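Can you build the whole structure from these sequences, using the hints too?
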Amino acid sequence: MFALDAPKAGTNGRVIVPSRCYYNPSPSRPLDGARISVKDNIDIAGHKTTLCNRAWIQLYPEKSKNAACVQTLIEAGAVIVGKVKLQAMIMREEPLECVEFTAPFNPRADGYQVPSGSSHATNGSGRKHASYNGCFSIRPSTGITNNEGVVGYFPQFDMPVFFGRDISRFAEFISVWYGDSPMHRAPGKASVKILYPSDYLPTPNPAQTQVIDKFVSGLESALGINRTEISLAKLWEKHCPDGEQHRDIATNVGKAISQEECDECWRRSEIYRHWLLENVFKADDEDTVTVMILPIEAGKPNYRDAELPPNGLLSGYAALNMSPMTRAPELTAPVGDIAYDSIVTEREERLPVAVSVIGPPGTDLILVDLVEKGMKGAGLATEVKTGSSMY
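The numbering of the sequence shown is this note's numbering, which starts it at 158 and goes up by one.
It is worth saying that the hints were derived from the structure and are not from the lab.
Any given hint could be a false lead.
[To be verified] Listed next, with one range per pair, are the computed distances between beta-carbon atoms: (1) 187 with 462: 40 to 46 Å; (2) 545 with 464: 22 to 28 Å; (3) 219 with 444: 20 to 26 Å; (4) 378 with 455: 43 to 49 Å; (5) 415 with 215: 30 to 36 Å; (6) 268 with 378: 33 to 39 Å; (7) 325 with 504: 43 to 49 Å; (8) 347 with 192: 32 to 38 Å; (9) 467 with 363: 23 to 29 Å.
Keep in mind it's a predicted model, so treat the numbers as computed, not measured.
Beta carbons are placed, not taken as given, at the ideal position from N, Cα and C, and that holds for glycine.
Below, the structure written as structure tokens:
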């Protein structure tokens, strides 16, 4: 190994680059030689966890041990090659708001699209990051991994997400990372029900919808089934828990909120979680798995130097909130790209388009299997390249 000077990459200044000699994975070290980068809200022994915040850097010393999720990977043979910057410390920050560190650059398309990705997958950063940067990601079932050594935001939702360019390697990675969690549900011969929610699909962008529908059709073909179109809004109206139909948890946002009010908001969130699991994701029998197809964002250019969007309340019914609220796994896959005329390069570029698939808690491996089958059924690449283009 040798040290590569990187004085502008962050506070640590150097990154160790492993040899490219072949490794020999074994049952005891199944990830031998796999190169891993770690987001800088996850502890690495001997380095500071910065959160890309100068005050945080000045306040806390170097970490004495690795985060539990990182240690698991190292023991399995993975090689940590460096830490990657956050676009934001916990809350949303657009690139123009990143005043202490330059926001990361998105390599896709014209190189000047927002990278997304804040500090954790509490809300939507993991899914949006994979979509904008044209790669695969999975937000694990909540609680299936050990979060010790990870700086989070909201413990009930926080989960470290992992990203990759090759979906065929996800099952192996999950098996190692999750260990022998009792939540695990292995892929089998279970039948699948595909939900296609009219609340989110089709999207306002016809080109984006066309790309998403190509994947869904490929999944239908691979499984020999048809999608089931549903409306969450109509289902809620019909089967809403007593007394909860028109209650607004955001009425007093911006005012001082007492602990009692906070507890009440959490109670309502739990009501919605149980309602989704019982009325939407509950299968007809134990041999059936119900999954839902969701779009990610608007599928249009979003330049890193564009005028900042207004701050506003986040809807609890937003598609990105569903997996955190249900504590369910969500796998995001790049299923194509759409053309646009870049104002930066002044030529046509290709913008990644992604789709997310959500299943009940514990179905992480099942989602990987389904998405891989869907990609192949639609004739889509199961591995994307580095650089401006995925293909």
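Which numbered conditions among the earlier hints are violated in the structure presented, ordered from lowest to highest? Of the numbered hints given earlier, those the structure breaks are 3, 4, 7, listed in rising order.
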